[in-house]
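Peer 1: Sequence:
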Amino acid sequence: MPLPQTLNQEERKDLLLKRRAIPGILMFSMIYLIAFAIGYHINAVILTIALMITLCLLQVPVAISLITAALLGGLHSGMDMTSAIAAFNDNLLIGAQVGLTYVMIGAFAVAVARSGLLDILAHKIASRLDLREGATNKGVKWIIFLTFITASAMSQNLVPVHIAFIPILIPPLLGVMNRLQVDRRAVACVLACSISASYLLLPTGFGAIYLNEILLANVNDVGQAYDLTATASMVPKAMFLPVMGILVGMLVAVFYTYRKPRDYQTVPLTDLHVEQSPQTLKITQLVTTLLALAVALICQLKFDSLMVGAMIGFIILSFTGIFRWNEQDDVFTEGLRMMAQIAVIITIASGFSGVLSATDEIAPLVSATADMVGGNMALGAALMLIVGLFITIGFGDSFASVPILAPIYIPLAITLGFSPMATIALLGAAAALGDAGSPASTITLGATAGLNADGQHNHINDSVIPTFSHANFGMLLFAWIAAMLL
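Sequential numbering of the sequence shown, starting at 448, is according to our numbering.
In short, the hints are calculated from the structure, not lab data.
All residues carry an ideal CB built from backbone N, CA and C; glycine is no exception.
Certain hints may be false.
[Claimed, not checked] Pairwise CB distance ranges (calculated):
no. : residue 1 : residue 2 : range
1   : K707      : A533      : 45 to 53 Å
2   : T678      : N773      : 50 to 58 Å
3   : G902      : A543      : 25 to 33 Å
Use the sequences and the hints to build the structure in full.
Peer 2: This is the structure in structure tokens:
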């Protein structure tokens, strides 16, 4: 049936999406019913994650997609509804703890922004724009990309605020990017790839947690039964090639896939104010802000708690007059508002992973993969990476995937004859694949939170799909090469 001619562009897109959703859901249901009819049991993990991805691609809200897929996957595995809900609820506490941490670092990020550092940075970049007709401004575009890469690396390894900097730094620069016609999908890829590469390669901040406290610890815990011992110096070396694959994906996104100009409508939120002078930053404000950042980092390392570090940094900034004492509630509420959606989805994603674990079908999935391999090292490495990618898409968290994959991947890798370095590369990359690009990943959620400040950046089409394709395919290929060479 043709679309009515009276509809505007947005209404036509919405109606087309609704029409496509019905056949998509019917096809998914038909495949399931056919498999059920012939007595073929679809692995509950595969079904749950596939259903979640399908619903997200059909523009169903991520939170609803996660809950719906989790409950249906639980029912498919043999649980009743009460048991599926219980498995979902039992794991929410872990996500709530992480969500609270993100709220706190959001408040800290807003407090840092009140110092005026980011306003000055945005003004400096905007003032470089040549507003004359026909001006190319290519230099400004590369300054913006370099700024995002630097901020991403610092957010993981030096000032551990993770993705909280994105909703603070990007909105003031949207007007500049609109003038430059920068494709925001390229920016999403730059952010996702830079953040992922930082914590997967550099052993400080979040990198120390992933590389040493999670990856190295699991390799040694599981590997001791097989006389496998790894040292801290081996881990960054093993992850070097997989990380290079991520960076290659980022370069492809910037210089090829999304290199062409893309038009965006400039709205009041992103209007350029190049002629206005930014607020001045006194030396005492600068020193105080740097002190708060340093103390927050020290406390995070000492107490192994991002929440405590961010809270102490927030307190320092409030006591030293970066913002008025009676504005504390406003600053904290602004940070809460900024991170609320991310915190909620992280919490729900924990419930989702709880149901996946409760199905008891992750181990059979990985074991079936091992059975398919035989003694073929090349095929084994490829299947291990692909299964890891699929599992982590569902969790949206590479940190949570390592302990799940390690008990099966490490014995399998040793049996196939992989070296300790190759084993580390396989496990570290398999767990990280799918983090950038998962609908529930903090990385893609953070990118959307900043780039959609004016309502012109879709989470699935503009963040999830671009980051998934560019951050993961290169890493998968380079991780496979690393496994074969190391």
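Peer 1: Against each hint, give a clear statement of whether it holds in the structure.
Peer 2: Verification of the supplied hints:
no.: 1; hint: K707 / A533: 45 to 53 Å; in the structure: holds (50 Å)
no.: 2; hint: T678 / N773: 50 to 58 Å; in the structure: holds (52 Å)
no.: 3; hint: G902 / A543: 25 to 33 Å; in the structure: holds (29 Å)
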